[in-house]
Amino acid sequence: MPASPLPANPDPILNQPITPALVKKHGVLPEEFEAIKGFLDREPTLTELGIYSVMWSEHCAYKNSRPLLKGFPTEKKGASENFGRVLVKAGEENAGIIDIGDGWAVAFKIESHNHPSAIEPFEGAATGVGGIVRDIFTMGARPVLLTNSLRFGELTSPTVQRLFRGVVSGIAHYGNCLGLPTVAGDVYFDRSYEGNPLVNALCLGVLRHDQIKRGKATGVGNPVFYVGAATGRDGLGGAAFASKELSEESHADRPAVQKGDPFMEKLLIEACLEMMEVPGLVVGIQDMGAAGLTCSTCETASRGGAGIEIELDKVPQRETGMNSYEIMLSESQERMLVIVQKGREKEIEEIFQKWDLHAAHVGFVTDTERMVVKQHGITVADIPAASLTDAAPVYKRESREPAYLATTSKWTIQSSGLADTDSAGVKSGLEKLLAHPTIASKRWVYRQYDHMVRHGTVVVPGSDAGVVRLRLGDQEKFIAIANDCNGRYCYLNPYRGAVIAMVECMRNLVCAGATPLAMTDNLNFGNPYKPENFFQLKECVRGLADACNFFDVPVVGGNVSLYNESPEGAIDPTPTVSVVGFIENEKHVTKQFVRNAGEKLILLGGAPNELGGSQYLGLIHGLKTGDAPEVDLATEKKLQSTLLTLIKAGVISAAHDLSEGGLLVAIAEMLFSPERTFGAKLDLTAFGATRFDALLFGESQGRIVVSVKADKIGTILSEAHTSGISATLLGEVTDATDLILNARGVAAQWSVPALREAWETSIERVMARPGLAS
Amino acid sequence: MNIGVLQFPGSNCDQDAFHLFANGLGLPTRYIWHKDTTLGDVDLVIVPGGFAYGDYLRCGAIARFSPVMKAVAAYADKGGLVYGICNGFQILCEAGLLPGALIRNSSLEYRCVMCDLTVEASTPSFSPSVLGPTVKLPIGHGEGNYRIDEAGLARLEANKQILLRYQSNPNGSLSDIAGIRNEKGNVFGMMPHPDRAFERFHQSRDGLAVSRAVLATKFPELLAKTA
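If you read the sequences in order, they're chains H and Z.
In terms of my numbering, the first sequence opens at residue 1093 and continues consecutively.
In terms of my numbering, the second sequence opens at residue 262 and continues consecutively.
Heads up, none of these hints are tricks.
DSS-like cross-link-like pairs, simulated, lysine-lysine; straight-line CA separation at most 25 Å: (1) H:K1488 <-> H:K1117; (2) H:K1773 <-> H:K1692; (3) H:K1534 <-> Z:K397; (4) Z:K296 <-> Z:K339; (5) H:K1446 <-> Z:K296; (6) H:K1406 <-> H:K1434; (7) H:K1716 <-> H:K1502; (8) Z:K296 <-> H:K1438; (9) H:K1466 <-> H:K1129; (10) H:K1801 <-> H:K1679; (11) Z:K397 <-> H:K1679; (12) H:K1466 <-> H:K1434; (13) Z:K331 <-> H:K1446; (14) H:K1519 <-> H:K1692; (15) H:K1168 <-> H:K1181.
Derived DEER-like restraints, expressed as beta-carbon distance ranges: (16) H:D1775 <-> Z:G287: 44 to 54 Å; (17) H:R1234 <-> Z:I364: 26 to 36 Å; (18) H:A1828 <-> Z:S390: 33 to 43 Å; (19) H:Q1253 <-> Z:Y292: 38 to 48 Å; (20) H:H1450 <-> Z:S390: 53 to 63 Å; (21) H:G1413 <-> Z:R466: 56 to 66 Å.
Source of the hints: derived by calculation from the structure; they are not laboratory data.
A virtual CB, placed ideally from N, CA and C, is assigned to each residue, including glycine.
Let the sequences and hints guide you as you build the complete structure.
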């Protein structure tokens, strides 16, 4: 006999019959609806259907990606050094935590806010920052830095300019107000992101091991508090919205984009951290992010193996007449759920009073393992908590290699029939690449972000990685962080592209003098129901997992964003990677900028003969083809450890990773020091008879240019030789204003200040607003 | 000597200012809560940077009404030394402790950049002879565009109240003004951040000398000691 139905909802509109059309409108599949009825042993109410629809969306349940994510290395038995550092592993809590020694740890995670940003760029990006910051302080950590990873269509489009401006100012608005420095990031412009920009935001926080908090509801009778902003109708069903493809009608979804209040969040951070410092006061805590009150109650109950009962009348409300569906699904920002030790209610109330915030006692922990929601005393939802979380459906989607790969992967520069470049082509090639927004200086972006607040930024944005000094009690530690992902490589070879994202990110850290510790990822892909998209997702996850395993870097958390499509098709697969590294000694901090005239430039790594997937091929020949650049994990590992050894030995003045644009772009960027502009004289005649376009602009992996004092050349070459890394002397840094290139057969000369001007102001010139100062 | 750093809801450079004075200059430093109505024993009050009360209305417009600002006004009135940095400068202007106002940057964008600043001969200690002709300090603000009427500007010039001027104006400030003091010479305000220019790894460490110069207007022995 089925369970008896719930009483009528106080709002008659919620008592309408649940028709198949209504189920479909919630994005719930017929078979999922049957499963819901099975869990409840009756028909769901409309409130309950809404609750299931958001909790079973991709955003909350990872229903299409969960089986793949299991391939990520999150823990290892007989833990190696890095895996032994994992204190909270991926998927366990709101963010992963790793040990950084002496009883201290860092919590960090990256999360997307792509769809909200496409519709309402300012608020979408701003609340993306707010959400990830809450994920971090929920863990008990003091947030200390932000980074972000952005993707847009070609910047020539006025629509893209509007989105770009809105997203950057939204991130700036929220992060700056919180007083968190944005210390690193990456921005790419590519047609595939037109109409579906990517906005991935990362936050990192620090805490002592004994400060780690969990999102768990335990202890029958313990009171459940709601703290922070009042609930309104904004962001209604945002999680479900984020799991639909963008369409023309998406703009009618505007109420699904939340509005952020960074001031409220700042108060919430301070009040929550103060509350969590009180021994034994907080039993569990979780932010109300996607799916708001719904997600926080059922997840804490499910993790704690307990139940939760709440009364909606006690929930602070911004608007009158909100029904249970609206309150449960609202994604109003800056709210947290806290489970407090019974009998200590007054203590939490006093702390929130000090910060002029609400702390509302909305319910209590039960032993029923059910999430029970009441309004005016009437039960409006009564659901087994675990059915919303652990028992959410999981699908293994069909995977099919995209047809285009058969053509693109066969393309090589040798078989292409494209003529090699000449001296004039080399000259204009470098000029064009440096001015392309993907390669050009991102000063226009990061000067809008406060990157110095908290007075700990050691390396500001603009070098390979951001470096921050952490003040921990009476000691100091230095960490580095970088983001990476070249979606073009992932489009041309999903597996290898993902491997490259990972190894390049680590290479950036090593160039800054850091040892990589752990990784967080944001998987941005198209609709997984299309087998070609699922193939890309699957292969990229495999690539990241292999690289992480090989380098012994655990994945400590992340986010999946699917359905990134616009009417023109799916985005390039973009598994954004962010790695945190540890710098043993402040003296090891290294930047990409040469320091003195007379230094010698040396290339570590080879000079393969390829151009596939390069910016050069796209910009000069209008081609997005070929295979992703070669990458060899073993060589990469040798290269990175060799560089780190040299940095620790104190013989490296500057180190810069070769990435988009290749060798010449990297060298030019090294000359653009914030202190002054240098010249250089390059003699590349030592390189054999390769193609000049491939040599100068190819993007083969596993390469770094270092700048060293002349008397250190011997040390570098012999260390490289011992490690089996090729090393080639490229030339010398000069006091002159010219960059002079002489290779066997081509020669070119540039004015470095002119190159720098083009590189530095390229984005600013496009984004300048008539009549306004820059 | 005791340093007090105000804390408003939304202050976010309070810790930066604290460390500048406590660790950079080695002076006893403590926080003062915005709901406090007295300042206690204090020789310098710092009004730090941030977004006090969110600054949604107009920067400093709400903070000036907080209980602690009444105490700061009374303290300044009696000749106490007050030092506003960034949002603190904005609050002091709103509170009428410093002349003029700060509006949105002419770019309508937030700016976080390093600035070269010309030091003006304002007081015996805040002068090129002590600090050198220029200092380097970062800025980080969206509303640092200093405005004052013509007569007010003339008074600032005549009384040597201008402390620092931007060499390359980042925000549209009138007459490139980056920082000023009141006529009496005990209330200082500036948009640039000395509290981000004092650690060994910072791009500049001029924040130490600039802050010492502010303190030395009242405590000249400080200058002699560190010179």
